[in-house]
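Asks: One-letter residues, chain by chain:
Number of protein chains: 2
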Amino acid sequence: MDIAKPYLLFLGDVHDQLAAKTAMGVVDWRPEWCVGQMRLLGCKADTGLPDLTIAEAVAKGARTMVVGVANAGGVLPDHWVSEIVAALEAGLDVATGLHKRLGSFPAIAEAAAKHGRKLHDVRFSDIDFTTGKGTKRSGLRLLTVGTDCSVGKKYTALAIDREMHRQGLSSDFRATGQTGVLISGRGLALDAVVADFISGAAEWISPENDPKHWDIVEGQGSLFHPSFAGVTLGLLHGAQPDAFVVCHEPTRATMRGVKHPLPTIQQVIDRTIIEGQLTNPKIACIGIAINTENLSDEVARTYLKETGEAHGLPCVDPIRTGVEPIVAELIRRFGR
Amino acid sequence: MDIAKPYLLFLGDVHDQLAAKTAMGVVDWRPEWCVGQMRLLGCKADTGLPDLTIAEAVAKGARTMVVGVANAGGVLPDHWVSEIVAALEAGLDVATGLHKRLGSFPAIAEAAAKHGRKLHDVRFSDIDFTTGKGTKRSGLRLLTVGTDCSVGKKYTALAIDREMHRQGLSSDFRATGQTGVLISGRGLALDAVVADFISGAAEWISPENDPKHWDIVEGQGSLFHPSFAGVTLGLLHGAQPDAFVVCHEPTRATMRGVKHPLPTIQQVIDRTIIEGQLTNPKIACIGIAINTENLSDEVARTYLKETGEAHGLPCVDPIRTGVEPIVAELIRRFGR
Chain A
1 MDIAKPYLLF LGDVHDQLAA KTAMGVVDWR PEWCVGQMRL LGCKADTGLP DLTIAEAVAK
61 GARTMVVGVA NAGGVLPDHW VSEIVAALEA GLDVATGLHK RLGSFPAIAE AAAKHGRKLH
121 DVRFSDIDFT TGKGTKRSGL RLLTVGTDCS VGKKYTALAI DREMHRQGLS SDFRATGQTG
181 VLISGRGLAL DAVVADFISG AAEWISPEND PKHWDIVEGQ GSLFHPSFAG VTLGLLHGAQ
241 PDAFVVCHEP TRATMRGVKH PLPTIQQVID RTIIEGQLTN PKIACIGIAI NTENLSDEVA
301 RTYLKETGEA HGLPCVDPIR TGVEPIVAEL IRRFGR
Chain B
1 MDIAKPYLLF LGDVHDQLAA KTAMGVVDWR PEWCVGQMRL LGCKADTGLP DLTIAEAVAK
61 GARTMVVGVA NAGGVLPDHW VSEIVAALEA GLDVATGLHK RLGSFPAIAE AAAKHGRKLH
121 DVRFSDIDFT TGKGTKRSGL RLLTVGTDCS VGKKYTALAI DREMHRQGLS SDFRATGQTG
181 VLISGRGLAL DAVVADFISG AAEWISPEND PKHWDIVEGQ GSLFHPSFAG VTLGLLHGAQ
241 PDAFVVCHEP TRATMRGVKH PLPTIQQVID RTIIEGQLTN PKIACIGIAI NTENLSDEVA
301 RTYLKETGEA HGLPCVDPIR TGVEPIVAEL IRRFGR
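Each protein sequence line maps, in turn, to chains A and B.
To convert, note that position 232 of the first sequence is 232 in this note's numbering; the numbers rise steadily by one, no gaps.
To convert, note that position 324 of the second sequence is 324 in this note's numbering; the numbers rise steadily by one, no gaps.
The shape of chain A in the complex, shown without the other chains (with noise of 0.2 Å):
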């Protein structure tokens, strides 16, 4: 999947930002492949970028509208259709992460012929992937895991891959959600794929590379999530992680969408490297990430103080310190 820079947000008219999730993590990470945003009458989000027309996102150099929204039910209204084959009899090409193939809707089929654009499915794959093998490959990689889904995972990846750039090192970020796909324009939904290929394509995500070479593997889910741990632990089995970071928000009462309380850092920690060492015995925890966004700054500060100190591991909140502390024990551990 490569998707053409740069894109055109299209947003819709959702009723709040929430809604409009995937189109922030763009523009929080890909600014420069963004031109704009689209929105349509009524619509309550808001990137931050330019209002434009799809003209108008053509004439500055636009080859994709990123349908960067997920609308209640995950369909696609009638009135988004329109819009769709306007930016297609437009010349650009469109993506987006919902339920639903684009190619299924017969207007955007058609448009897209005629006009010999792509459409991207970001949630599908036409990959045959093999099961998992659990050999270990060569290079080294760094997976984000959670005490619950939407605890910053992806976040906190994106910052460590971006640091470690910062600082010279060899590393690429590896997406297995929607949102990192389009921020990366590649990898995989990985709760998409067939249950069978779960550990398979997580190794496909992550292939072989250089020894000193670090992936940075975007997690999914939680070990003690009901809904989601099994795509979780092949994801475990699959990325076959040197080192993970633990991430975490604090004022979450239940899990996601259910009525479980959160397990504990310490009890991820565990649970991670019991399951994890299948396929990597060597499996190590490195850091602690912790989202800070629902506190007071002082005390987000004492609580990633108190919590690095209790676990002994750096403890940072990518926003609003940055994860330095993190990339600095990954050298300390593993050598620059």
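No lab work stands behind these hints: they were computed from the structure.
This one's a predicted model, so the numbers in the text were calculated from it and none came from an experiment.
Keep in mind that the hints are not guaranteed to be accurate.
Note that the list lumps identical chains together, so a pair holds whenever it fits in one copy or between two copies.
Here are the simulated BS3-like cross-link-like pairs (lysine-lysine), alpha carbons at most 25 Å apart as the crow flies [what the hints assert, rightly or not]:
(1) K21 - K60
(2) K133 - K44
(3) K282 - K133
Assemble chain B onto chain A, guided by the hints.
Replies: Just chain B, lined up with the frame of chain A:
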């Protein structure tokens, strides 16, 4: 999925008995559903049932031709397609567990449409699953787990279900693989579900039931298998078993398809409890089922006795000794 009975078992021209595993499973557990087998020139497999032509099978009342073989590469050879078309023309439905849908072969799709016959692709499901909820459902559940793939989890579950029926207990076998679906006429091939929905599909397979009713759920893979542990964990969380039985094959040197050693029975007991407690804190191991087919009778009986004593649990071979001690243990712990 409601597959019309009885079946004509199609074996094609496969080169060995192992390729007819699915057909053998159906014959072993549902002989009353099978009118005969159909083999092509050169077929090396044999279920022991009478060889019939399609016309003879129809005359004997067959309603569905079951393609009960896996051929190399999972593709359907042209000369099988023509036999499937002939079966449809003769008024039979057709069921398979192959990786490709029957309807994706134009000749088969046309014949089914023309003659109004049903095509059953038991590895595919058109159900819209939800993600797993992890909340406790009423009814009791037993799951078979394993030290590896193909160690007797399906046979053990079927044997326990049969023994419970013999004793007048209320139970249902719940299929999670293609052969199990053909044997029970319902269920789901869990490894073919999209990864996001593994535990949700496992919840669907074993719905709420009477407080004294047992679902005997067919296990998949192993928590220690690097290719399939994600499926195993999602099934464990979705099945939320009250009781589990560990299945083991004592002569195997490495796990199926990979180079990893097998875990011990005790490791599987401990890990299953650790992970299973997430959705059922009362989960307990109630027995061990050994596939002793590669041992002499004397060695097998000594092995069963010593293994049972070492773990303080009933230890049986479902084929050689039957599962009565496991059902007795289940009644002892949970009542009738």
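Asks: The structure should be examined with respect to each hint, and the outcome stated for every one.
Replies: Status of each hint after checking the structure:
no., hint, verdict
1, K21 - K60, "within (24 Å within a copy, 61 Å between copies)"
2, K133 - K44, "neither (46 Å within a copy, 30 Å between copies)"
3, K282 - K133, "within (18 Å within a copy, 34 Å between copies)"
In this structure, only the earlier hint numbered 2 is contradicted, and the remaining ones agree with it.
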